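> Listed below, chain by chain, are the residues.
Number of protein chains: 2
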Amino acid sequence: MVFWKRFFNPDSTSSPSLGPTGAEEFPTDDSDKGRIFFTTDRDIDLYELEELCDAVGWARRPIRKVKKAVECSFLVVTMWEVRGNRRRLVGFARATSDHAFNATVWDVVIHPSLQSKGLGKALMQYIIRKLRHYDISNITLFADPQVVDFYRRLGFVLDPEGIKGMFWYPD
Amino acid sequence: MVFWKRFFNPDSTSSPSLGPTGAEEFPTDDSDKGRIFFTTDRDIDLYELEELCDAVGWARRPIRKVKKAVECSFLVVTMWEVRGNRRRLVGFARATSDHAFNATVWDVVIHPSLQSKGLGKALMQYIIRKLRHYDISNITLFADPQVVDFYRRLGFVLDPEGIKGMFWYPD
Ligand SMILES: CC(C)(COP(=O)(O)OP(=O)(O)OC[C@H]1O[C@@H](n2cnc3c(N)ncnc32)[C@H](O)[C@@H]1OP(=O)(O)O)[C@@H](O)C(=O)NCCC(=O)NCCS
Ligand SMILES: CC(C)(COP(=O)(O)OP(=O)(O)OC[C@H]1O[C@@H](n2cnc3c(N)ncnc32)[C@H](O)[C@@H]1OP(=O)(O)O)[C@@H](O)C(=O)NCCC(=O)NCCS
Numbered sequence: 006m007v008f009w010k011r012f013f014n015p016d017s018t019s020s021p022s023l024g025p026t027g028a029e030e031f032p033t034d035d036s037d038k039g040r041i042f043f044t045t046d047r048d049i050d051l052y053e054l055e056e057l058c059d060a061v062g063w064a065r066r067p068i069r070k071v072k073k074a075v076e077c078s079f080l081v082v083t084m085w086e087v088r089g090n091r092r093r094l095v096g097f098a099r100a101t102s103d104h105a106f107n108a109t110v111w112d113v114v115i116h117p118s119l120q121s122k123g124l125g126k127a128l129m130q131y132i133i134r135k136l137r138h139y140d141i142s143n144i145t146l147f148a149d150p151q152v153v154d155f156y157r158r159l160g161f162v163l164d165p166e167g168i169k170g171m172f173w174y175p176d
Numbered sequence: 006m007v008f009w010k011r012f013f014n015p016d017s018t019s020s021p022s023l024g025p026t027g028a029e030e031f032p033t034d035d036s037d038k039g040r041i042f043f044t045t046d047r048d049i050d051l052y053e054l055e056e057l058c059d060a061v062g063w064a065r066r067p068i069r070k071v072k073k074a075v076e077c078s079f080l081v082v083t084m085w086e087v088r089g090n091r092r093r094l095v096g097f098a099r100a101t102s103d104h105a106f107n108a109t110v111w112d113v114v115i116h117p118s119l120q121s122k123g124l125g126k127a128l129m130q131y132i133i134r135k136l137r138h139y140d141i142s143n144i145t146l147f148a149d150p151q152v153v154d155f156y157r158r159l160g161f162v163l164d165p166e167g168i169k170g171m172f173w174y175p176d
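Chains D and X, in that order, give the protein sequences. The numbering of the first sequence is my numbering, which starts it at 6 and goes up by one. The numbering of the second sequence is my numbering, which starts it at 6 and goes up by one.
These aren't lab readings, by the way, just hints derived from the structure by calculation. Incorrect hints may have been included.
Unchecked claim - Quick list of in silico lysine-lysine cross-link-like pairs, PhoX-like style, CA-CA up to 20 Å: (1) Lys126/X with Lys169/D; (2) Lys169/X with Lys169/D; (3) Lys73/D with Lys135/X; (4) Lys126/D with Lys169/X; (5) Lys135/X with Lys135/D; (6) Lys135/X with Lys70/D; (7) Lys70/X with Lys135/D.
Keep in mind it's a predicted model, so treat the numbers as computed, not measured.
Can you build the whole structure from these sequences, using the hints too?
Structure follows, in C-alpha cells:
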C-alpha cells in the first residue's frame, strides 16, 4: 500500500500506546512541491533521518543510539513531502515524557529547502496539540540561542519564575 | 521478607529494563537516625510520596497521574531511613529519558528533617552514576532559582553555549 494511503487506514497504528498516527496534511499552494504530511508513525529510514540532520549541520550520531531514541521517545513526529508514490522526509521532532506531567521536545528540524514557509511552526503546533491530548501540561525544551525567538513566537517562555535549564556533561 | 534484605536479594529486580535495583547504603555516624539506603526499586506507597512532597511545600498532584509518572519515568530513585524492620521514605528523584542520548531529572526532594547532611548530593550523584551506566551523556534539569547553586556544585552548568530552557504552559 502506498505511503499516504496507509496514513488514512484506521488499521494502521504503529505505536499502539499513542493510538492512530493522526496524519494531517499541511496546506500548500505550490503544487510543484508535492503535498506535505505530518504523522506520528515511527516507520522511518534512519539513514534518511541522518541525511536530514546532516543537511542542517548537526553532528553525526551512532545509528544504533538514534534507533533506540526513536523507539523510546514518547512522541515522534515526522513531516513528509509526497509526490506520486514517493515520499521524502523533510521534517522531524520528538519528545521524551513521563506520560503524565512533563514532556521535553528534542531534535526539531526542517529541511533547509523548505524552511521559512511555516512548516516548523506547524510541526511544533502539532506536537503541542498531541501532548495536550495526553493531558501533559508542562512542555519544555532546550533552545539553541538562534532559535529562542522561533519558540517564543509559539508561546514558549524563557526561565519562568527564574527556573533555569541546567546541563551535566561527562568530563 | 523485610525490606532491606530484599534490597540485597539478587532475584529481586522490580524494573527488568534497569537491571538490579542496586541498593546502596549512605554512611552515617548517627545511629539514632537509623540506616539510610538508596534504591531504584519502584515499590513506593504513593501516599507516602505525597507526604514527602507535602513536607517541602509542593502542590498536591492527582495520585493517578503520579502513579503513571513513576511507572513511565526511565529512572526512579528513592531514599529510605530504615530502623528495625520499618522503613520511611526520606528522599526521591526521577528522570525521563530517550534511553540513548538525553535524560531530564525531575522532582528532587529530601525530607526537611534530613536536609543539609549531604543526602541530596549523594542522591544526585547516584542518579548521575546510573544514567552514565546507560551511556546517557546529556543530563538535564530545570532548577528552581533557590537550588541553582546546589546543582552547580554537582557539576551542572547554566545555559551552556547560550542554550536556554523554555516552557510552554496551557492558557
Ligand atoms: C528552527 C526551524 C525548525 C524553524 O523551522 P521553519 O519552518 O524554518 O520556521 P517557520 O517558517 O515555521 O517559522 C515560524 C515563525 O518563526 C519565525 N522563525 C523561524 N526561524 C526563526 C529563527 N531562527 N529565529 C527567529 N524566528 C524564526 C518565522 O519568521 C515565523 O514567524 P511568523 O510566524 O511571524 O511568520 C528550522 O529553521 C530548522 O530546522 N533549523 C535548523 C535546526 C535547528 O536549529 N533546530 C532547533 C534546535 S533547538
Ligand atoms: C535541594 C535539596 C534536594 C538539597 O538536598 P540536601 O540534602 O539538603 O543537600 P546536601 O546536604 O546534599 O547539600 C549538598 C551541597 O549543596 C549545598 N546546598 C544544599 N542546598 C542548597 C541550596 N538550596 N542552595 C545552594 N546550595 C545548597 C550544601 O551546602 C552542600 O554543599 P557542600 O557540598 O559544599 O557541603 C533539598 O534541600 C530539598 O529537598 N529541597 C526542597 C525541594 C526542592 O527545592 N527541590 C529541588 C527542585 S528543582
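> Compare the structure with each hint and give your call.
Outcome of the hint check:
1. For a cut-off of 20 Å, the pair hint linking Lys126/X to Lys169/D stands: about 19 Å separates their Cα positions.
2. Of the supplied pair hints, the one linking Lys169/X and Lys169/D holds, its CA atoms being roughly 8 Å apart against a limit of 20 Å.
3. About 18 Å separates the Cα atoms of Lys73/D and Lys135/X, which keeps this hinted pair within 20 Å; it holds.
4. A threshold of 20 Å between alpha carbons decides the hint, and for Lys126/D with Lys169/X the separation of about 19 Å falls inside it, so the pair holds.
5. Straight-line distance between C-alpha atoms of Lys135/X and Lys135/D comes to about 31 Å, which puts the hinted pair past the 20 Å bound.
6. Of the supplied pair hints, the one linking Lys135/X and Lys70/D holds, its CA atoms being roughly 18 Å apart against a limit of 20 Å.
7. A distance of roughly 18 Å separates the Cα atoms of Lys70/X and Lys135/D; the hinted pair therefore holds under the 20 Å criterion.
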